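Can you make the complete structure from the sequences, with help from the hints?
Residue numbers (this note's numbering), protein chains in the order written: chain F, 1 to 113; chain L, 1 to 112.
Honestly, the hints are just simulated from the structure, not real lab data. Heads up, a few of these hints could be off.
Residues from chain F shown here face chain L by an in silico Cβ test under 8 Å; the list is partial [what the hints assert, rightly or not]:
1) Tyr-32
2) Thr-102
3) Gly-106
With a straight-line cut-off of 30 Å between C-alpha atoms, the simulated DSSO-like cross-links for lysine-lysine are [said to hold, decoys possible]:
4) F:Lys-69 with L:Lys-71
5) L:Lys-65 with F:Lys-105
6) L:Lys-57 with L:Lys-71
7) L:Lys-18 with L:Lys-69
8) F:Lys-3 with L:Lys-65
9) F:Lys-105 with F:Lys-52
10) L:Lys-17 with L:Lys-65
11) L:Lys-17 with L:Lys-71
12) F:Lys-69 with F:Lys-54
13) F:Lys-105 with L:Lys-57
14) L:Lys-57 with F:Lys-3
15) F:Lys-52 with F:Lys-3
16) L:Lys-69 with L:Lys-57
17) F:Lys-105 with F:Lys-69
18) L:Lys-65 with L:Lys-18
In this text the structure is predicted, and so the values were computed from the model without any measurement. No residue lacks a Cβ here, since even glycine has one placed at the ideal position from N, Cα and C.
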Amino acid sequence: LAKTTQPISMDSYEGQEVNITCSHNNIATNDYITWYQQFPSQGPRFIIQGYKTKVTNEVASLFIPADRKSSTLSLPRVSLSDTAVYYCLAAGLSGGSNYKLTFGKGTLLTVNP
Amino acid sequence: EAQVTQNPRYLITVTGKKLTVTCSQNMNHEYMSWYRQDPGLGLRQIYYSMNVEVTDKGDVPEGYKVSRKEKRNFPLILESPSPNQTSLYFCASHRGGAYEQYFGPGTRLTVT
Chain F
1 LAKTTQPISM DSYEGQEVNI TCSHNNIATN DYITWYQQFP SQGPRFIIQG YKTKVTNEVA
61 SLFIPADRKS STLSLPRVSL SDTAVYYCLA AGLSGGSNYK LTFGKGTLLT VNP
Chain L
1 EAQVTQNPRY LITVTGKKLT VTCSQNMNHE YMSWYRQDPG LGLRQIYYSM NVEVTDKGDV
61 PEGYKVSRKE KRNFPLILES PSPNQTSLYF CASHRGGAYE QYFGPGTRLT VT
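Given below as structure tokens:
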């Protein structure tokens with residue numbers, strides 16, 4: 001389970017593209033990168049997961065460079081409702097002790113009108 | 001509808017009075033976890049379970065117990081709650097070999 005580092009907070013405006021970067025220098029070969037979104041007093045919600053290069057779904061894109069030591073979550077054209085805490089995790093899918101997961105403190109994204 | 005349910009959603013209790021927070025999932029997931037969330041500390045894993053009768057400690061297991069007698073249920077037990085266990089608790093589940101966790105709505109516990 002790799003330690004991840006994210007900015008504590010970010011500010012943006014409606015309609016902008018937002019990129020949140022996560023550092024995971026000690027990522028293991030079998031680790032995947034997963035991002036979650038959490039609104040106040042709600043459980044986190046899965047956004048996207050990837051291993052390398054680029055993954056895109058209906059809500060976000062995930063960019064992972066070749067060395068996999070960092071990843072960037074990209075949110076296109078954010079709205080006020082995207083204000084939330086975003087968590088990055090790097091962990092393996094093989095089970096065992098890899099399920100001892102640490103979410104960390106995440107990045108508080110505030111979208112302003 | 002695929003979901004994770006927790007009960008109760010809110011609980012105020014006194015120090016030392018045993019309590020159980022229930023968690024149930026209807027997705028036939030093998031893996032389930034309990035987390036607590038405190039201001040400034042993020043989400044911390046308390047216990048997790050890989051299948052029925054298989055559990056292990058997370059980062060902050062002290063003062064908690066769990067059991068997994070059925071695949072769908074994963075109750076969190078506080079034998080003797082203390083004020084430092086006042087927190088927001090989340091249960092989560094996911095399939096084996098995947099990390100898309102599904103979280104419950106949370107249980108806000110206050111111990112006085």
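Status of each hint after checking the structure:
Interface restraint check for Tyr-32 of chain F: the shortest CB-CB distance to chain L comes to about 6 Å, inside 8 Å, so the restraint holds. With a cut of 8 Å, the hint placing Thr-102 of chain F at the interface with chain L holds, because the nearest CB-to-CB distance is about 6 Å. Among the interface hints, the one on Gly-106 of chain F holds; its C-beta lies about 6 Å from the nearest C-beta in chain L, closer than the 8 Å criterion. Between Lys-69 of chain F and Lys-71 of chain L, the direct Cα distance comes to roughly 36 Å. Violation of the 30 Å bound is thereby established for this hinted pair.
A hinted pair counts as satisfied when its Cα atoms are at most 30 Å apart, and Lys-65 of chain L with Lys-105 of chain F qualifies at roughly 25 Å. Our distance criterion of 30 Å between C-alpha atoms is met by Lys-57 of chain L and Lys-71 of chain L, whose separation comes to about 18 Å. Distance check on the hinted pair: Lys-18 of chain L and Lys-69 of chain L sit about 20 Å apart at the alpha-carbon level, within 30 Å; holds. Between Lys-3 of chain F and Lys-65 of chain L the alpha-carbon distance is near 26 Å, which keeps this suggested pair within the 30 Å criterion.
For a cut-off of 30 Å, the pair hint linking Lys-105 of chain F to Lys-52 of chain F stands: about 24 Å separates their Cα positions. Simply put, Lys-17 of chain L and Lys-65 of chain L have alpha-carbon atoms about 14 Å apart, close enough for the 30 Å limit, and the pair holds. Of the pairs offered as hints, the one joining Lys-17 of chain L and Lys-71 of chain L holds, with about 27 Å between alpha carbons and a cut-off of 30 Å not exceeded. Distance hint between Lys-69 of chain F and Lys-54 of chain F is fulfilled; the C-alpha atoms sit about 14 Å from each other, no more than 30 Å.
Distance restraint check for Lys-105 of chain F and Lys-57 of chain L: the Cα-Cα separation of roughly 20 Å lies within the 30 Å cut-off, and the hinted pair is therefore satisfied. Distance restraint check for Lys-57 of chain L and Lys-3 of chain F: the Cα-Cα separation of roughly 18 Å lies within the 30 Å cut-off, and the hinted pair is therefore satisfied. For the given pair, Lys-52 of chain F sits about 18 Å from Lys-3 of chain F by alpha-carbon distance, which is consistent with the 30 Å threshold. Proximity of Lys-69 of chain L to Lys-57 of chain L is assessed by CA-CA distance (about 17 Å); at most 30 Å being required, the pair is judged to hold.
For the given pair, Lys-105 of chain F sits about 19 Å from Lys-69 of chain F by alpha-carbon distance, which is consistent with the 30 Å threshold. For the hint linking Lys-65 of chain L to Lys-18 of chain L, the alpha-carbon distance of about 11 Å falls within 30 Å, and the restraint holds.
Checked against the numbered hints above, the structure breaks only hint 4 and satisfies the rest.
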